[in-house]
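Asker: Here is how the chains run, residue by residue.
There are 2 protein chains.
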Amino acid sequence: MNVLWFELFSIGVAIASFVFAAWLYKWVKKQPSSNVKIAQVGKLIRQGAATFLSKEYRVLTRFAGIAAILILLFLPKPIWSGGFIKNITMAISYIAGTVFSAIAGKIGIEVATISNIKASEAAKNGIKPSFMAGFRGGAVMGMAVVGASLLGVTAVLLVTNNTTALLGFSFGASSLALFAKAGGGIFTKTADISADLVGKVELGIPEDDPRNPAVIADNVGDNVGDVAGMGADLFDSNVASMSAALVMAVALDKLANNTVNASMVFCYAALGLLASIIGVAMARIGKNGNPTKALNNSTYFTTGIYAVLTGLATFIFGFEWRIWGACIVGLVVGVIIGLTTDYFTDDSKKPVHYVAKASQSGPAFTILSGISYGLISVLPAMIGIAIAALAAYKLCEPIGYGYAMFGISMSAVGMLSIVGMIISNDAYGPIVDNARGLAEMGNLGDDVLEITDELDSAGNTVKAVTKGFAIAAAGLTVIALLGAFMSEVNTAAEELGVAGLTGFDVMDPVVFFGMLVGAAIPLVFSAMLMLGVDRNAQRMIDEIHRQFREIVGLKEGREGVHPEYDKCIEIATTGAIKELIPAGLMAIIATLVVGFVGGVAAIGGFLVGNIVSGLLFALFMSNAGGLWDNSKKYIEAGNEGGKGSTAHKSAVVGDTVGDPFKDTAGPSINTQITVVSLVASLLSTVFLTLSIF
Amino acid sequence: MNVLWFELFSIGVAIASFVFAAWLYKWVKKQPSSNVKIAQVGKLIRQGAATFLSKEYRVLTRFAGIAAILILLFLPKPIWSGGFIKNITMAISYIAGTVFSAIAGKIGIEVATISNIKASEAAKNGIKPSFMAGFRGGAVMGMAVVGASLLGVTAVLLVTNNTTALLGFSFGASSLALFAKAGGGIFTKTADISADLVGKVELGIPEDDPRNPAVIADNVGDNVGDVAGMGADLFDSNVASMSAALVMAVALDKLANNTVNASMVFCYAALGLLASIIGVAMARIGKNGNPTKALNNSTYFTTGIYAVLTGLATFIFGFEWRIWGACIVGLVVGVIIGLTTDYFTDDSKKPVHYVAKASQSGPAFTILSGISYGLISVLPAMIGIAIAALAAYKLCEPIGYGYAMFGISMSAVGMLSIVGMIISNDAYGPIVDNARGLAEMGNLGDDVLEITDELDSAGNTVKAVTKGFAIAAAGLTVIALLGAFMSEVNTAAEELGVAGLTGFDVMDPVVFFGMLVGAAIPLVFSAMLMLGVDRNAQRMIDEIHRQFREIVGLKEGREGVHPEYDKCIEIATTGAIKELIPAGLMAIIATLVVGFVGGVAAIGGFLVGNIVSGLLFALFMSNAGGLWDNSKKYIEAGNEGGKGSTAHKSAVVGDTVGDPFKDTAGPSINTQITVVSLVASLLSTVFLTLSIF
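Top to bottom, those sequences are chains A and B.
Oh and the first sequence: position 519 is 521 in our numbering, straight run, nothing missing.
Oh and the second sequence: position 82 is 84 in our numbering, straight run, nothing missing.
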């Protein structure tokens, strides 16, 4: 069968996902809402998120414009050496990558800032309608992101028939993800930390108190950081894994003179989206059901459906069973890593209890024990990724030359297959978190707060799982990208008539040099983002203090006196973008320097070092952050002295340290790795011809 | 010229260093001391340190006994496959490695616990005599350690004429270092944290107050952690770097049928010790001189002498100038890394000021900013090591096949050449720290305290520099050990008639698998040590509380009432050994599992991953810890609100987190890497024949 049919099938499924998303959107919109206060606050959040996005997209447009011009001039080859059309294709693909991702993010935010209101008011009628409003709102994001990535990748390959253009598209998606994830991460934690520090710590007013000038910025942050940011991150990983797989599939197909491997990639990716559509459509919760269970069951259900569907397809179309095996290995390992992550952050398990107990001796012990368990939590995920890569490789090696690496890329595709479901679960979290805030500000009463608290807690638990999953998926993807990089280098080397690469030997000092430098980059990158949050929070705290000082009657909560919410949103927005750019540039410039010094061998080492240390730190920071967060909640639930105790005060310190760990630095490292890998792949010809060693 | 002459020269210099050490010891001993109270307390410290050492050595004897039996049975080859003599040689070399290091450590502690008293009382006569007593006391350790390592390595090669036996000797040194560094690190931080937490925080009594039951344990900790631990660590690195260089030198000499490379290794190593002897002998301070300057000047002076001496030797004996160049590159890079480390921990530089300022917003910001700068501090050192390795390799590559890797090992030898001076500077720190405590307990008055404070502060600054140096040296050494591992594998492969290794290609999934697992090990190892400190501190805190509760009149400081110091020392000792063993076993077992699963290729990846992430975490933890320590001191000097302010309270939290970072986990990672590398090298034949993949 021709690959065209599978491409059309992919487009069909992508369109189906958009139709489904539209239906979900309408469903959410027609849920009842009547509370005027909630509507007001909801509107402020909506506007704040829109302000951030439009400002971010404006800066991004300039950045992407410059990048597109550079691509036009230099990629895949300098424009003066011929190949004008190829360069234009590449530049357009790049822009398409940013635009597709931006639109998906915009849609997600749009729906999230409606469904928070709906979920809040629905909680008056019980947990079931509230859960459904939150989940279906999140699912719009899930469908939009995966539909757009599948459509984009398919369209680019259909139109250009050039896999290098796919890397351009993927780089576009990564550029956007860098802004959305790291920028959103700085925004959300700036607001969160500042609101807590002045509100809860200094003034002793409750969370989400409308007198706090940063409270709206905090709620906006949940949306731009967790909804738009996570969406862009997974859009990026999804596109990168498909692109890496297609680069290798097309190369293998060319040798065999058929299109079977490319067909398989499209088929499997489309079936993943289909499985997610079915999973989302079937997601239900009982009248007094457990929301965590409901979310997890949907994930397992989707996983099962996917395994069955791809098995059937493999049988019907006569695909290679070994590759199917690699795909399933990825899927299973992804779920297992999610579960082990859960162990380190779940409030019924030892790590949370230990950290809570240690907190009684003061904040230093909260930090030390949290860091320790965070460090240990890295091991199972690393072993899982290592085994997935090894198993996929060994499974597919017997098929023939080049299939081993292709197997790893298909394992990444498998792990990311259910990403539609994962994003739905993930976007659910900030929506119900917002719903809780709205219920508080709209005075919906304690019964409603109890329900939204339960939904929120489920969101936190699931978030830890999906985060582990996202990092593991990015890990496998970048290993696949390493294969894509080598494939690109060898294609370029053939054209230039110079020696290509057979691998990266770490005993080669140029590779080793690159590796040591590459390994240090994620540390510096995450440090720059954390210092950015720190500096930005200082600015916002000054502004909050100013408002409480200058706006008469604000502190006392006098009727009709409102804080200037937009000032805080403005500070968070401007600061986030300002602090993010140096970090992103540092990573890209380091790649260029290493490439020009050591050539493709050094870049190979650089990527390897970057992947290894990036995975370590992404996992460590995300898990330690989640652990502190849940330890605080565990104490607040009345353990180890409960609210107001020494343990609680210590746990608050832990949570504040954990915030930028888990929501700014940790998850942004994924994107940093992908960006660097793609820059390396795209510049392979340049590094091959111009370098000192 | 025959290598024997150079071996005899090495032995001669080693003996000279012992004679010099004996002279220094006598000099220190004849310094005046008369204060009865100080003598009493000094005796308690001395006995406490002796108790710890004897207990540690007892456990170590059992451990080493089992290891020696296993070596006898299995290494270098199973005893039933013949080669009985080789196995006995190996086992004896192993035991010799532990014994030599243990003796050097014992001597160091012996002198340190005399010179602390001398330095304390000498401070009554000004800074000059006090400095000299502290420095010369530390120098005994420096001379003993380097003399013993040079003598040991030379004797083993002379007697056995077998380089694999050298690896056995080196493994013995590593085993001891693991106990001394990690065990001592847990001991010292257990005591330090517990003493501070109950004494300073809960009861508000000053540091080093004799009523505090943990105060003697705290002073003992300085000696066993920083003197004996650091000494064993650098003994280990020094032996490992010489052994790695000799393994390669002898292999190269065999091919060329001469002994020129081995001669060079001995010559350079011996000249390093000679330069250190001269440097120590010349070390002086003016009547009102600056101790930091005096220590640093001695280091630069030694560095210069070494460069000149080796240059002369290279000229006279006609050694290869390129190898001399590699050696000097290592030396210079080591000094530069020390200086950049200084930037991140010096209290006149931006990072310390930033952390101090951020501390005003609470402990969470102390932690976040300290972690951020700690992460950034890793970059220059990683680049430095990368450049040293690359430059050494490229310099020596043109000499011929195999010289490139030998160049890296000589660069490590060069970096470690001045280690005698480094240890002297480093051991000076805890001695004057103790002296300060003794002055406080002996009521020597404020003038004396001012002098000992100044000496102590110089010790802290120099400590940061030497720590950066030690980690960098370990980094280069383990890269050289990687070369030694490959050399061992290929020798074994040749004997077995199977395929050897040409390198470790990270695109080989077995290598990649090993790398991901290996990279996670230092995280788990350091986490286990930190949790060990945490648990052990909880036990000691309970004991301190018990004493204050049960011993009548202790809290009030009634005349004649003394706390039971030995109970606290007992807890620190037992706990340290109990907590250390699982961490050490975990690292060794992980190596075995990976080796049996993936064979030598996986082990190659494992070592690479272990080295890269080990370097990252060792540097990060040491520097962040130093930064927090000095930020606290900077605030205590009256900045950002001074003592008692919010900033100070936050900085104390940072310092408590930093303590196990910089004195337990961070520096122990060095040893973990060396142990794992040596286990891998020693078991190369086993992994080559028995493995799944």
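Take the hints with a grain of salt, since some may be wrong.
A pair counts as met if it fits within one copy or between any two copies, since identical chains are not told apart.
The calculated lysine-lysine pairs, modelled on BS3-like cross-linking and capped at a C-alpha distance of 25 Å, are [unchecked claim]:
#1 K557 to K580
#2 K126 to K359
#3 K580 to K57
#4 K359 to K202
#5 K289 to K39
#6 K651 to K359
#7 K57 to K126
#8 K580 to K352
#9 K359 to K580
#10 K45 to K359
#11 K57 to K359
#12 K88 to K31
Because the hints were derived from the structure by calculation, they are not lab data.
Every value quoted in this text rests on a predicted model; they were computed, and no experiment measured them.
Asker: Reference check for the pair K57 and K126, CA-CA at most 25 Å: within, between, both, or neither?
Answerer: Result: close neither inside a copy nor across copies, 36 Å intra and 66 Å inter.
Asker: State whether the alpha carbon distance between K359 and K202 is at most 25 Å within one copy, between copies, both, or neither.
Answerer: Classified as both: same-chain Cα gap 23 Å, cross-chain 22 Å, threshold 25 Å.
Asker: Quick one: K580 to K352, C-alpha cut-off 25 Å, is that within a copy, between copies, both, or neither?
Answerer: Classified as between: cross-chain Cα gap 21 Å, same-chain 40 Å, threshold 25 Å.
Asker: First find the shortest C-alpha distance between K57 and K359 inside one copy, then the shortest across copies, and answer within, between, both or neither for a cut-off of 25 Å.
Answerer: Neither: 44 Å inside a chain and 31 Å across chains, both beyond 25 Å.
Asker: Could you place K45 and K359 in one of the four classes (within, between, both, neither) given a Cα distance threshold of 25 Å?
Answerer: neither (41 Å within a copy, 38 Å between copies)
Asker: Tell me, please, which holds for K359 and K580 at an alpha-carbon limit of 25 Å: within, between, both or neither?
Answerer: This pair counts as between: shortest inter-copy Cα distance 22 Å, intra-copy 39 Å.
Asker: Under a CA distance limit of 25 Å, which applies to K580 and K57: within one copy, between copies, both, or neither?
Answerer: Answer is within; shortest intra-copy Cα gap is 12 Å, inter-copy 57 Å.
Asker: Within a copy, between copies, both or neither: which one fits K88 and K31 at a CA-CA cutoff of 25 Å?
Answerer: neither (44 Å within a copy, 81 Å between copies)
Asker: Treating 25 Å as the Cα threshold, decide for K289 and K39: within, between, both or neither.
Answerer: neither (28 Å within a copy, 76 Å between copies)
Asker: For K651 and K359, with the copy left unspecified, which applies at a CA distance of at most 25 Å: within, between, both, or neither?
Answerer: Both: 12 Å inside a chain and 21 Å across chains, each within 25 Å.
Asker: Are the CA atoms of K557 and K580 at most 25 Å apart within a copy, between copies, both, or neither?
Answerer: neither (31 Å within a copy, 55 Å between copies)
Asker: At most 25 Å between C-alpha atoms: does K126 with K359 qualify within a copy, between copies, both, or neither?
Answerer: Neither: 36 Å inside a copy, 47 Å across copies.
Violation of the numbered hints given earlier is confined to hints 1, 2, 5, 7, 10, 11 and 12; the remaining hints are satisfied by the structure.
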